[in-house]
Amino acid sequence: MTDQPSRQHPIRIYLIVWGLLFLVSALSYMTDFIDRGLWRWALILLFMALKAGFIVAVFMHMRWERLALMAVVLAPPVLLLVLVGLMAVESDYTRSVRFEYFVEGERDEALPVSAGNKRN
Amino acid sequence: MMPTADVERKSAHGSSGASPLVTSFSDDWGSDISTFKGVRWGKAMMWVFLLSDTFIFTCFLVGYMAVRMSTVEPWPNPSEVFALQAFGISVPLLLIAIMTFILISSSGTMAMAVNMGYRRRKEAATYLILVTALLGAMFVGMQVFEWSKLILDEGVRPWSNPFGAPQFGAVFFMVTGFHGLHVSAGVVYLLTIAFRIRRGKYDESNFEIVEITGLYWHFVDLVWVFIFALFYLW
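These protein sequence lines map, in sequence, to chains A and B. Take any residue in the first sequence, count from 1 to its spot, add 5: that is its number in the working numbering. Residue 130 in the working numbering is what sits at position 145 of the second sequence, and the numbering runs on without skipping anything.
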């Protein structure tokens, strides 16, 4: 137990972070009253990152760990951003293909006038 | 080389001018020694498990992003789907907001329990863990209410729903269901640890087990932060 770093942090820091999490959660709930657009999405991501940071750094004690453990836990999830990027490009393409081949065709059939014109 | 001696070992690169943070990293990985200084295997393994769980939940959320971006039908507006009537007016995301605050509070009580554990205040730690479990059970109860309302009253199914893109139901049940399972398992985990502390199983230790349990519980809260932001608010 001698190699165990001291884990007795003052209770005050937990109460402060708890309060901050309440505050940021209230703020992030309020983003729901902003119209969808850049501002709303930016604020959602900002408050999300703040809350995640508070929880990992203080509640999960990450800020008191050594870099070796920090790197093992925090570095791999960054790679997941590559997956996010790839899938964003892919689904954008899927959507354009769907509009190209499915949606227009259905619309043509659904429109009685153009369908009638085609039959005549 | 004794592992304990390595903790206090002066870095071989100390004179190279690199910051102590970086030299501690290279020293820890650099030779045949225990990598995570002062971290017992239980805690290291919990972190590795949580890392793998991060990848699972990210796969779900990326899948959600992919179907939401690629659907040609309008995505149902979550703030309307999850609105509740309160005092005669419709409040958007009311239940979800309450669930968020409950889960954050449970994280707060868990952090206190960990602190009390390291202070060897067994009774306080046990009661704080039980409060955490109670808040977790409340969260699951509210989720059951939300699910039954959506399934029975609104007719939301994994393959269809009355609001818009049919993928909405699949994503909703998959993501919140898997998170709810984590919360439910966490409640059982917390109760088990609380009873074991009470039985005196950890009296010989420094109650690191409370911190390990806390890591799992905070992770469940952490995942909810992302679900709340990306699924309910986006």
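Hints in this document: simulated from the structure, not taken from any laboratory. You may find that some hints are simply not true.
As the list claims (entries may be wrong) - Not everything, but these chain B residues come out facing chain A in the computed CB check (under 10 Å):
1. D13
2. F21
3. S55
4. V125
5. L200
6. H203
Remember, predicted model here, so these are calculated numbers, not experimental data. Built from N, CA and C at the ideal position, the CB exists for glycine as well.
Here is what the structure says about each hint:
1. For B/D13, the interface hint holds, the least distance from its beta-carbon to any beta-carbon of chain A being 4 Å, beneath 10 Å.
2. About 5 Å separates the beta-carbon of B/F21 from the nearest beta-carbon of chain A, less than 10 Å, and the hint is met.
3. Here the hint on B/S55 is kept, as its CB sits about 4 Å from the closest CB of chain A, short of 10 Å.
4. Interface hint at B/V125: violated, since its Cβ lies 19 Å from the closest Cβ of chain A, which is beyond the 10 Å cut-off.
5. Checking B/L200 against chain A by beta carbon gives a least distance of about 6 Å; that is within 10 Å, so the hint holds.
6. The interface hint given for B/H203 holds, since its Cβ lies 5 Å from the closest Cβ of chain A, which is under the 10 Å cut-off.
Comparing the model with each numbered hint stated earlier shows that hint 4 is the single one that does not hold.
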